[in-house]
Amino acid sequence: MSKQINVALIGNPNTGKTSVFNALTGLNQKVGNYPGITVDKKEGICKLSRGVKAHILDLPGTYSLNASSLDENVVIELLLNKNDKDYPDVAVIVSDVENLKRNLLLFTQIKDLKIPTILVINMADRMSRKGISLDIKLLENKLNTKIALVSTRKNEGIGDLKNLIENHKLLSTQPCLDTSTIDTEYFNSLKQAFPNQDLYKLWVVISQDANFGKIDRNELDFSKFKTKSKSELKRLQQKETIKRYQFINGVLKEGQTIDATKATGLRAQFDRILTHKVWGYIIFFFILLTIFQAIYDWASVPMDFIDSSFASLADWIKASFPGGGKLTNLIAEGVVAGIGGIVIFIPQIAFLFLFISVLEESGYMSRVVFLMDRVMRRFGLSGKSVVPLISGTACAIPAIMATRNIESWKERLITILVTPFTTCSARLPVYLIIIALVIPEGRFLGLSYQALALMLLYLIGFGMAVFSAYILDKILKTNRKTFFVIEMPSYKVPLFKNVALTVLEKTKTFVFEAGRIILAISIVLWIMASYGPGKEFNNAETIVEQTYPELQGEQLENKVAAYKLEHSFIGIVGKAIEPAIRPLGYDWKIGIGIVTSFAAREVFVGTLATIYSVGSALDDDDKTIKNRMAKEVHDNGDKVFTLASGISLLLFYAFAMQCMSTLAIVKRETNTWKWPMIQLFGMSLIAYVVALIAFQILN
Amino acid sequence: MNILFQNIFIAIIGLFAVVFLVKKFIWNPKKQNSKSCGSDSCGC
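Chains as they are written, first to last, in the UniProt record's numbering: chain A, 1 to 699; chain B, 1 to 44.
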C-alpha cells in the first residue's frame, strides 16, 4: 500500500504559495469547499519517491494565527485539531525572500504548535538583484527547522523541498520561543487548570475573537480558571507579537545581510505613478477600457463560432432524426440550446480571468485596491470591493465569489448585495436588441446614439451599485470597526503556468456549477413551452384552421405554433402576469420573456426569438428577429416596442435581479436564503418602479 | 418512436431537472455549520 504524507502549505498572502503548490502538484489538483463554509479548499497530490505520495493542502493566505477573516479561521482550525483528517504531518511555511521578517511571524507561531515545520524561502532568484544574502545553515539552527531555497519562476529548489517533505520525521518539533514569558503568572494558572493540554494551543484558542467549529472554547471547562478580559487578552497578544519580532530580528541580524546599494528604486517609482491620486485613476481607467474592449473584441470570434456550432448541431439533430418528434425537439431545442447557453460564455469568462490573473500576478491589482479604497470607503465599501465590481461586468457569479477576501462581514455583504447591479455580459444581448429597436441611428459628436445609450446603461448600473451601497451602509449595523490593510507585493512578470491554471480552474467552476443549473432550467422551460393543459392547446390545429381559413402552409404552421405557445404552461404564466406588466408597456409575450429570464437574463432574447418567429408572414425583411419585433403590435394596433416601452424594458433589465445562479451563489456565500430573497425582491421592486415611472413619463 | 414513450421519456428528463433544481435551491440535505465565525454576527 502506498504511503501518504499530509502536507499543509501555509504562508502570508503574496509569498508565491500558489506557485509552490502548482510546482508540487502540477495538474493533480482539485478545488472544493471546506464543509459548512465557503472558503475554497485547494488540494493536490505530489508524487515523492516510489510508493510515497504527499497530499498537499493549499491553505488560505494568513498573516498570523490571530484570525481576522473567514480564510484565516480555516488555517487555525486545522492546525489546532489533531483529529481532522487533513491535520498535517508536516507544515510547509512559504515565505518571500524580500519579506522574511514579516513572514517569519507566522512561521514561529506554527512552530510553537509543535508541528514538524519546513521553511520555504521563495523567490530566491531575486536575491542577487536585491542584494540579499542568507546564511541558510545558521537560519536552520536558530529556527530549529530545515529550509528550502526555492524559485518557482526558475523551477529551482522544488526537488529539495520534496526531499524534506519525504524526510519530515527527522524535523525538530522544538518551539522557537517560550510564549509563557509574556505573562508567567497567567500561563502558570492556565497550566494548572488544564494540565493535559498544550499550553500554546490553549493560548491560541483563548485569545481568538472567533469560535471554531471543531475546537470550541466553550467546551473547555473554565470553572477552575479565571480568564482575562478581551482587552487584556489583546494586550497580551500584542506583547506576544513584539516578543516574536524581537526573536526574528535577532535571527535575521545574524543570518541575513542586505546590500542596499544593489536594490533598485524602480518599484517605488512605479508605485508613485500607479497609486497617484490623479494619474493612478487615469491609468486604471485606460487599463479597464483596454480589458473590456479586448474581452468583447477577442471573445466575439470564439463566441460566434460556438453559437453557430451549436445552431448547426441542433439543425443536424433535427435533420438526422426527422421522425423523432418531441424527443428530438427536446434534445435540439432544450438540451443542445441549454448546453450552448453555458458554453457560449466560456470565452468571456476565460478572458476576464486571464486579465484579472495577469493583473494579480504582476502585483498591479493590489495598487488598484489601494487606489479605489479612497473612493469606495465613502460609500460603505472597501478597496477590496473593486475587484468584484469589476468582475461583475462580465458575470456576477465569479464576482460574488471574489468577495471572500473582504474581512469585514458588513462590507462583504454590501458588496455581494450590490454587485448584481453592475452590467453583466448576460444583459448585453438584451440591451443590444432593445437599443437597436427603439434608439434612433443618429450621431452626437461622432458617437452614435445607440453606443451612448449602451454606455449610459453601464454607468447607470455602476451608479446604482454605489448608491445602493451607500444606503445599505446606513441601514446595516455592525459592532465591528473595519480597517483596511493591503500589502504591496513586488512587480513581477506573470507566470504563464499560474495564469493558465487560474483560468482553467475558474472556467471549470463556471461550467460545472452554474452550467448544470442553466441546463436544468432550459429543459424545464422547453417542457413548459411545449406542453399545455386543456382543449385549446391540444386542439390548436383545428381551432386555428377554423378561425383563419385563408392561411395555408408555413403561415398556418406558424399560426398554430403561436396559438399553442399562447396556451402552453409558459403562455398561461405570461398571460397571468400581463395585468401587472401592462402599466410598464409590455404585452404577455414580453411577460414570458421576463418570467423565463428570472432564471437567467440571457434567456430573454432566446425566448423572444422563439415567440416572435412564429405567427407572422415570412417575407425577406421579417427573417431577422429585430424586424419581427419592430412589426409587433398590440390588439389596438399600437406598436409594442416604442421609445417608452423600450426604455422601460432597458431600465427593468438594468435593475432587476434576474439570475437564479447568482441567487444560488449569494445563498452559498451567505449561508442563508434571507439575503438572496432581499436581493430578489428589493432589486425587482426597484426595477418595476423605475420602469413604470419611465414608461408613464415617456408614453 | 411511439409518442407515448417519447412523452414518458420527456417527463422523466423533466422530473430529473426539477428534482435537481429543488435539491440545489430549496431542499439541501447538508447540515449547515451554525457556529459563528467571528464576533460580528455574520452567521456564515
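Don't read these hints as lab results, they were simulated from the structure. Since the structure is predicted, the reported quantities are computational estimates derived from the model, not experimental observations. Hints should not be assumed to be uniformly reliable.
[Said to hold, decoys possible] Output of the computed footprint for chain A on chain B, the stretches with three or more beta carbons under 8 Å from beta carbons of chain A:
| id | stretch |
| --- | --- |
| 1 | 4-10 |
| 2 | 17-23 |
[As the list claims (entries may be wrong)] Derived CB-CB ranges, DEER-like:
| id | chain 1 | residue 1 | chain 2 | residue 2 | range |
| --- | --- | --- | --- | --- | --- |
| 3 | B | 23 | A | 45 | 26 to 32 Å |
| 4 | A | 250 | B | 23 | 42 to 48 Å |
| 5 | A | 578 | B | 23 | 51 to 57 Å |
| 6 | A | 627 | B | 23 | 40 to 46 Å |
| 7 | B | 9 | A | 543 | 23 to 29 Å |
| 8 | A | 549 | B | 3 | 24 to 30 Å |
| 9 | B | 3 | A | 555 | 21 to 27 Å |
Using N, Cα and C, we set each Cβ at its ideal position, and we do this for glycine too.
Structure-based check of all given hints:
1. 4-10: With 4 residues closer than 8 Å to chain A, the stretch 4-10 of chain B meets the three-residue bar; holds.
2. 17-23: This one holds; 4 residues, not fewer than the three required, reach chain A with a Cβ under 8 Å.
3. B:23 with A:45: 26 to 32 Å: 30 Å, holds
4. A:250 with B:23: 42 to 48 Å: 58 Å, violated
5. A:578 with B:23: 51 to 57 Å: 32 Å, violated
6. A:627 with B:23: 40 to 46 Å: Holds, since residue 627 of chain A and residue 23 of chain B (Cβ atoms, about 43 Å apart) stay within the stated range.
7. B:9 with A:543: 23 to 29 Å: Since residue 9 of chain B and residue 543 of chain A have Cβ atoms about 28 Å apart, the given range 23 to 29 Å holds.
8. A:549 with B:3: 24 to 30 Å: 28 Å, holds
9. B:3 with A:555: 21 to 27 Å: 26 Å Cβ-Cβ, so the 21 to 27 Å window holds.
Violated hints, listed in ascending order, are 4, 5; each of the other numbered hints is respected by the structure.
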